[in-house]
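Asker: With chain A's structure known, arrange chain B on it following the hints.
2 protein chains.
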Amino acid sequence: MHQIPTDIAERLKKRADAVELALTKALAPHSDEAAIARLQEAMAYALTEGGKRMRPFLLLETAALYGADEKAMPAAVALEMIHAYSLVHDDLPAMDDADLRRGKPSVHKAYDEAIAILVGDALLTEAFVVLTSYEAALAAPLCRELALASGMLGMVGGQMMDLYPEGNDEAHIIALQARKTGALIEAAVTMGCLVGGAPEADTKALRRYARQLGLAFQVADDLLDVTMTAEDIGKPAGRDEDQGKATFVSLYGEDGTRAKLAQINDEARAALADVSKDTQVLADLLEWQASRTN
Amino acid sequence: MHQIPTDIAERLKKRADAVELALTKALAPHSDEAAIARLQEAMAYALTEGGKRMRPFLLLETAALYGADEKAMPAAVALEMIHAYSLVHDDLPAMDDADLRRGKPSVHKAYDEAIAILVGDALLTEAFVVLTSYEAALAAPLCRELALASGMLGMVGGQMMDLYPEGNDEAHIIALQARKTGALIEAAVTMGCLVGGAPEADTKALRRYARQLGLAFQVADDLLDVTMTAEDIGKPAGRDEDQGKATFVSLYGEDGTRAKLAQINDEARAALADVSKDTQVLADLLEWQASRTN
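From first to last, the protein sequence lines are chains A and B.
Under the numbering used here, the first residue of the first sequence is numbered 4, with each subsequent residue one higher.
Under the numbering used here, the first residue of the second sequence is numbered 4, with each subsequent residue one higher.
This is chain A alone, in the form it adopts within the complex:
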């Protein structure tokens, strides 16, 4: 294995590069059919050259606590495939109608809408192909965790709540976030624990950490959405406000939201204190995440 740096930014970059490589390998052409080769090319477009690979990072670092980060790479790949599919479908005209993603044309703009639908369907499905490369005793709980976190009561349910909002209060925003983005972040940690064979008490504490981290990410994104320009974040800025969606910033203002973020981070650190291993990297991730909003 490559040396993993202790500095969090370097470490993120190193892990992201390894994930990128694994994703590229997972999509190596398998078919002589031109149409399927084109589908795979569009899947690779959706999957590569982008993002901080936060979810895979979290999964790999959790598994690393138990010496299993190399073994965890297929799980990380599957998780990122689910995340990538959700972005492709979210960007569709009937959904968020976003022409840009990470500064480049979204899949339905770079290809077309039908391909974007199929790219999402294929990425979602291939995630389960990848997970079943593990032995059955591990593959089955990994499939279950990922499917529950990303399905109708998880990420897809959260997307539905976002499209058809029922309220604008804090409880609603938190419930929505917990499903739409939180469930997959919690799954990252749980899947890392599964691959690493973590003790139950650790898994429980790490899930508590992940729930706060997921919330912190949403809060930070809300802050970024009002404070950054489109060029900074690679997609149109101020969209939430434009669309009249309630955010943490619309509820608490910028300063109040920063205070909220600090409080969430405290709770996340408290959860890490209950883990039997050295969780410095996961604590650093919180700091790094908070620093995005400065």
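Any given hint might turn out to be false.
To be verified - Below, a sample of chain B positions facing chain A; criterion: calculated Cβ distance under 10 Å:
1) Ala12
2) Leu15
3) Ala19
4) Ala37
5) Met46
6) Tyr137
7) Ala140
8) Leu141
9) Leu149
10) Ser153
11) Leu166
12) Glu173
13) Ile177
It is worth saying that the hints were derived from the structure and are not from the lab.
Where is the CB? At the ideal position from N, CA and C, for every residue including glycine.
Answerer: Chain B in isolation, oriented as in the chain A frame:
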């Protein structure tokens, strides 16, 4: 268990009713969130009151050869969820743009396009939740089989070949059909064998049967498309011809296609002869299927 009739039409109906009930139970409301309840309602709309439940029938009957049809119901439910999701996404405006499905408005017409995208995503994902209700040693190979059959090299790949055709000859139509509809029909049989613990030689012969059955279905559908009215088949008739798509009928004419169908059925029966169990029901299914086109 209910008495299963020996008459094929009655038997199909009985199995379809049991599958319908299991699908309804699988989608019993799990959430207080109004948006998620609405998603579940739309998923139920896509899943229920429709179709012959051919794939679940085939899965259950294959498992029944080994006394495992009751145990196989969750696998049948998962398979039907995948089939249903594919219809919902295929009907979208950017894909086949079909307003009707089985005589009633397709999901994006009854609800809206965003919901139809999410209904498909949720059904696809829940299929894997359902499969992981089995013990790990069974869940893992079931997930793998279903994911491979429905992913980029299976059903989704076939859909891509259909949208971006490379040729109009028989080889192309057969390759397209093998992925778009054949892969899931073969998965039905393989999953039934997995649940039933079938010997490898039986699985191999039953997969051969399924490949021919899948082809027979496509050939019969091509015949029905030119010979039936919209009212008969519950969706616009003659669509393939209108869209200039090559079909078995455009290649061989009606009589030639009927001869082709008879030949395919002969090969399917030959495969059944290699199975160690009494496969009368699976032979009857071929007859019933051929009779649709008379």
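Asker: Confirm or reject each hint.
Answerer: Checked hints:
no. : hint   : in the structure
1   : Ala12  : violated (33 Å)
2   : Leu15  : violated (28 Å)
3   : Ala19  : violated (24 Å)
4   : Ala37  : holds (5 Å)
5   : Met46  : holds (7 Å)
6   : Tyr137 : holds (8 Å)
7   : Ala140 : holds (5 Å)
8   : Leu141 : holds (8 Å)
9   : Leu149 : holds (8 Å)
10  : Ser153 : holds (5 Å)
11  : Leu166 : holds (5 Å)
12  : Glu173 : violated (16 Å)
13  : Ile177 : violated (12 Å)
Taken one by one, the earlier hints fail for this structure at numbers 1, 2, 3, 12 and 13, listed in ascending order.
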